[in-house]
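K.L.:
Dock chain B against the given chain A, drawing on the hints supplied.
Protein chains: 2
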Amino acid sequence: MFKIHGFNYVLCLSASVSLNLFFFYLFLSHEPELELTWTKEAALEAEAVASLSCSGHGRAFLDGSIGSDGKPICECYSCYKGPDCSEFSLECPANAESGDPLFLESYWMQHAASSAVVVAGWHRMSYVLSDGSSISIKLKTLIQRLHAIVGNANTTDRFIVFGDGSTQLLNAAVHALSEAGSSHPASVVASVPYYTAYARQTEFFKSDEFGWEGDALKWKTTNDSSTDFVEFVTSPNNPDGQLRQPTLRGPSVKTIHDHAYYWPHFTAIPAPADEDVMLFSISKITGHAGSRFGWALIKDENVYQTMTTYSELNTMGASRDTQLRAFKLLKAVLKDGGNDFFDFGHNRMSDRWLRLNNILSTSNRFSLQKLAPKYCSYFKKITDPSPAYAWLKCEREEEKDCNSVLKAAGIIGREGSFFGAESRYVRLSLLKTPDDFDWLLQRLKALIAEEGPKTI
Amino acid sequence: MFKIHGFNYVLCLSASVSLNLFFFYLFLSHEPELELTWTKEAALEAEAVASLSCSGHGRAFLDGSIGSDGKPICECYSCYKGPDCSEFSLECPANAESGDPLFLESYWMQHAASSAVVVAGWHRMSYVLSDGSSISIKLKTLIQRLHAIVGNANTTDRFIVFGDGSTQLLNAAVHALSEAGSSHPASVVASVPYYTAYARQTEFFKSDEFGWEGDALKWKTTNDSSTDFVEFVTSPNNPDGQLRQPTLRGPSVKTIHDHAYYWPHFTAIPAPADEDVMLFSISKITGHAGSRFGWALIKDENVYQTMTTYSELNTMGASRDTQLRAFKLLKAVLKDGGNDFFDFGHNRMSDRWLRLNNILSTSNRFSLQKLAPKYCSYFKKITDPSPAYAWLKCEREEEKDCNSVLKAAGIIGREGSFFGAESRYVRLSLLKTPDDFDWLLQRLKALIAEEGPKTI
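Chains as they are written, first to last, in the numbering used here: chain A, 346 to 801; chain B, 346 to 801.
Derived by calculation from the structure, the hints in this document are not laboratory data. Please note: incorrect hints may appear among the correct ones.
Restricting the straight-line Cα-Cα distance to at most 27 angstroms, the calculated cross-link-like pairs of lysine-lysine (DSS-like) are [claimed, not checked]: (1) Lys385(A) with Lys416(B); (2) Lys416(B) with Lys416(A); (3) Lys738(A) with Lys790(A); (4) Lys483(B) with Lys676(B).
Nothing here was measured: the structure is a model prediction, and the numbers come from that model.
If we strip away everything but chain A, and leave its shape as in the complex, we get (with noise of 0.2 angstroms):
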């Protein structure tokens, strides 16, 4: 008995020793974690308020609104409401105001990990930064290397300057290239349709050094060469998506080149601008508009100098925890050349774009911009269009107000005379979120199914 006893506390016991073995391995093979401990409690919240999911139509966030139960609220995409935003409502209107880049938000959430920054809290409290200067030079060096990989403007000799979003850095320009000319005021001008903005804010803030004064069309066949001109050039143009080249040409002509949308989401890039004065905006290209970053990158040193004085008299210069967020995103941008962000961007813009022409083509009663497929020397490869707004038409003759027509409609776009031209075209933006994209067409449909079968 005390044999088999015996015997069983061998077994026993060699059984117990594997355990103890096994256990022993389970903890010298245990990797220790890195631990963290200051970001800790930031990482936890910012996870927290990202979990929700909010059925997909919203997002919460860190500074939102928090309910009586302490959690986040869900901010709902537009035409969806209720605590997930899950109650979708049928009289919304499909709202293609803005140009609001949101078709990229979905990217950003897919790529988490590689764009998501901790911000220390003393992060970059000077003014300056260690060279003096308010501009961080890996940023700087950043935006270099990515024109360089898209090949959509050419760095070389180029001074940087950055600004609280491209917009900032209109007026700058208008201000550097006005006061270099020699007779006031420079009249400042675009050709119609033109991007809102260039004539809104040259109003706003006109001196005696310049002052707007519309279409650049009507001006070219003066021969007035005592007045300075400085013309905002938009390539691709914000509403039609035409590359577009200056319309005055000539000693008394400035430039100021908007490449805001001059990236591969948006067309095919053709050969890298190599202007005096070229706008840059992290709106357009990663998406980020609500963090009011652009860049301009300038070839003569007294209009650079001025447009860095008008930075820092007016702002002191672009936000450091801004320029930090756009390091990191362009770094995430660049990670594999670009190939999959550009890529995500060029078939979300394409693929609206075709199934916009898709509808539009069974109208008789609207008409799109015409463009077409183009060599992309970023892609290598002809690319469909995927321009970021439709400009759209009315054709019929009584249909003056296309606004209104598709307003009727329960459509909101821009309308015709923002941009300067004719109130039979509207702006549609193709840049927002899927939800808004996907009720712009349904409510399209909707209308074009009235006119019947097209007649040709």
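P.N.:
Frame of chain A, contents of chain B only:
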């Protein structure tokens, strides 16, 4: 022997089983760590950069330079150099020129967890928040609570405008107040000594509506009611720390009250400010000059509307990234009603003022502005002076260029003429790092020691 063996088996087995039970208890009692997912990489990166001590004479940043070993490079405080900022240069001048509020940097390093913020890649990409504005409602509410707790401004019946630093709001207010006047251009003025930016900014952005006209005092005795005036009143004043009232009054005078320094760090708070146009900046409360964030409290709706339009057309509002950070920082400040934070701020600044005065008290050659202890409604006691700047005067008749006198002694200040004052005055910043301040005191001590004993 078997028995002995048996005994051994029993003993070993019970020990082994106990060990197993212990391991099992460990396994059960191990609290499952709240696992971070997408924030982890960014959090580890931030902690790695923050772990560089830079000998306490510098710090590394996430968007700073990277060495050839792949590690971040320390950015050293002035006068320190070397890979770990441990080398002090005795030839280095004491630079007290800028108003960089780095005296608060160590506070945020000590409160790292409560002030850190994680910005998700998809945080507030839109131009607008859910209410259609560019202003975070939660931040607005927090600012109102901050003023209520500190008791430095009445926010009741006031609109709030956010700016890219209060710098942007200065000109937005000039614009709005001169537009509201009846005669143009309005004369923009401030009493000497005044903050340089008022003059430089107003001159740079001058228009048909307003222009810079210098010292307010020279207009006090004119009975020119045909001119509209906009007066900047800085209280406490930059450079001399005095609480100020307007110099000009009357129906054609509008006043911008710049309260950037009206916080318990820098002055006793006698009562809440209650004016029509009041400006504040995060730079001088939390010390985040680099974030470029300020706000205006505005009574009149038209003035508010014009300032909002200014902000929209100039930069489309303050960066939403910065708004999130300001929200987190102000929440950290108010954690305990602000006690810990304002105690730190006031102790540091009043200590600096005391030490500076002790040194200057032995001098016939230099003098400081006079500031008396006052009752502070926030601390509920009489507090010692704690100004942001010393307004130093060279007392010797022949030393009209005080800045040169200091410069020869290795001290860099900002000369009086910058503030519209005599060059016999120099502003010395007391806001910078402890290293900067200590070096300034040493340089001053050496300079004053040259005088010999003070004559009375």
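K.L.:
Compare the structure with each hint and give your call.
P.N.:
Verification of the supplied hints:
no.	hint	verdict
1	Lys385(A) with Lys416(B)	holds, 22 angstroms
2	Lys416(B) with Lys416(A)	violated, 39 angstroms
3	Lys738(A) with Lys790(A)	holds, 16 angstroms
4	Lys483(B) with Lys676(B)	holds, 10 angstroms
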